[in-house]
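Model the full structure from these sequences, guided by the hints.
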Amino acid sequence: MSRTRTLVSELRSRLGAADPLPPAPAVPDIPPPPARVFPVVLERGRFAQAAAKHTTALVGIGQVGSRYATDVVLQFQAELAVAHEAVNTELPDEWGEGHALLPLRSRVTDHREFLLRPDLGRRLDDDSLARLRERADRDPDVQLILADGLSAVACVGSGLDLMSHMTRECEARGWRVGTPVCAKFARVWLEDEIGEEVGAKVAVIILGERPGLGTGDGLSAYVVHGPRVGNTDGNRNMMSNIHQRGTPPNQAAQRLALLIDAMMTQGTSGVGLDLTGLADLGEAAGTGYRAPQVRERLVEMDR
Amino acid sequence: MMLEPILPQVLSVRRIPNADRAMLEAYGANPDRHCALGLVTCDQDDALYVALDEATKHAPVSVVYARSFYAGAAHASGRLSGEILGVLAGANPDEVDEGLDALLRCLQHDACFYDADGHGTVTVFPHVITSLGHYLSREAGLAVGDAMAYLVAPPIEAAIALDAALKAADVRAAKIFPPPTETNFSAAWLSGSLPACEAAAMAYAEAVVDVATRPLDR
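Protein chains in written order, with numbering that gives the first Met the number 0: chain A, 0 to 302; chain B, 0 to 217.
Just so you know, these hints were derived from the structure itself, not from any lab.
All C-beta atoms, glycine included, are put in the ideal place defined by N, C-alpha and C.
Be aware that a few hints might be false.
Stretch-level coverage of chain A by chain B, calculated; a stretch enters the list once three of its residues show a Cβ under 8 Å from a Cβ in chain B [claimed, not checked]:
hint	segment
1	23–31
2	253–260
Examples of chain B residues lying across from chain A (beta carbon under 7 Å, computed) [stated by the list, open to error]:
hint	residue
3	T122
4	H126
5	V127
6	E197
7	M201
Quick look at the structure:
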């Protein structure tokens with residue numbers, strides 16, 4: 000109803016008009032804005048349904064109209080946030096020393112520079128180089144390096160676990176393991192300089208890998224035979240997804256030991272390494288029963 | 000009969016679903032944001048200004064063009080010209096449609112001139128906008144959601160009545176259009192609280208009626 004018309008009508012009778020104005024026509028109902036409500040359609044494909052029970056990948060998530068369901072979107076965003084957080088976490092300066100590792104540092108000065116300048120992350124700074132020369136054992140068979148890489152969360156989380164499994168596996172095979180070191184702001188190729196300095200036969204760098212959705216805790220191990228500055232990725236072998244939902248650390252250590260064994264025997268690594276001998280991993284294959292992997296719920300929603 | 004509503008006649012309502020870029024630019028729309036135009040002509044310019052503003056409250060549309068024609072509806076260039084052309088622009092035709100629906104609703108039920116002398120020879124537009132939309136708030140320099148009294152009358156009536164309105168309530172003049180405007184009327188936009196705007200508008204209407212009834216009575 001028009002406010003102005005009501006007021007004018009009142010004014011009119013105040014001014015002495017005897018006959019009331021005809022009432023203004025009623026305003027028609029204003030229809031609500033058009034909105035379509037789509038039902039949640041659960042996954043119909045039998046293959047996807049079955050696969051979804053065994054993987055944390057985004058399969059079998061159903062649909063709402065032509066889009067994802069809200070809880071799927073929220074979960075996706077929460078997992079992305081986990082990944083961002085892992086990248087943005089910095090390894091505390093005193094962490095390595097506090098866990099009986101020789102603390103080293105690349106030429107990077109701050110975390111932002113670390114993300115922007117991979118080249119600086121591949122070389123040791125002068126203090127670290129001096130410390131390495133002074134305190135590290137010379138000429139070991141295997142030099143183990145723990146590093147933050149792109150996820151300090153993973154390094155702090157299961158890095159020490161994997162280091163101790165690796166040490167045990169190597170010593171069980173009679174290899175001499177070098178002084179364990181911890182490198183901050185490290186890229187993969189830093190293993191070349193460290194390994195070359197101590198004169199190791201094989202260098203292994205274990206570092207937090209670039210986080211994916213919900214996997215901020217994944218470790219990767221890069222192994223190189225005859226480390227020297229100037230090696231490329233073609234000289235390296237690597238293993239990724241070392242975390243509880245991927246390859247657990249103890250199993251990863253077994254497989255890495257087999258890989259190092261092959262390198263020692265053949266005297267090379269990378270594309271030159273013949274891996275056919277590793278077709279049968281034996282115990283390290285881990286083909287026994289494993290409980291289905293479940294996506295960790297970061298968001299709870301009532302349907 | 001005194002102060003009877005004189006309902007505005009909508010003379011044409013048309014839509015251009017996908018207007019040409021040059022056309023959009025010529026009428027003040029932004030081709031990057033707007034695609035569809037809605038065009039309206041009406042025989043009461045001020046009622047349509049209010050209705051265009053109403054449309055911006057109901058749909059994501061912009062008032063890109065609104066101009067009165069010279070000397071008003073009685074001297075129109077054609078049967079459909081009336082005294083104003085208003086243009087709404089939106090990102091798609093549906094939004095323009097929503098805006099036009101709100102605009103027509105406002106013209107039919109709300110904004111209109113009133114007969115001030117019982118013969119239809121003097122008219123007054125003492126309109127109260129309870130909540131401004133994007134268009135008039137920008138034109139008046141007020142905030143969206145403010146109340147405003149939109150007051151129009153012929154020159155002498157408007158002058159006397161504006162003085163009465165400003166004295167009747169705690170309002171200030173946001174904008175005054177002294178005569179002659181395009182249509183030879185005179186207008187004023189007053190802002191204040193809603194009750195103040197209502198009191199001012201009714202004082203304005205009453206003063207116009209008074210002048211119309213006793214034009215030679217000093």
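For each hint, the structure was consulted:
1. 23–31: holds (count 5)
2. 253–260: That given contact is violated, which follows from only 0 residues of the segment 253–260 of chain A lying within Cβ reach (below 8 Å) of chain B.
3. T122: 12 Å, violated
4. H126: 5 Å, holds
5. V127: 5 Å, holds
6. E197: 6 Å, holds
7. M201: Hint holds; M201/B Cβ to chain A Cβ min 5 Å, cut 7 Å.
Checked against the numbered hints listed earlier, the structure breaks hints 2, 3; every other hint is satisfied.
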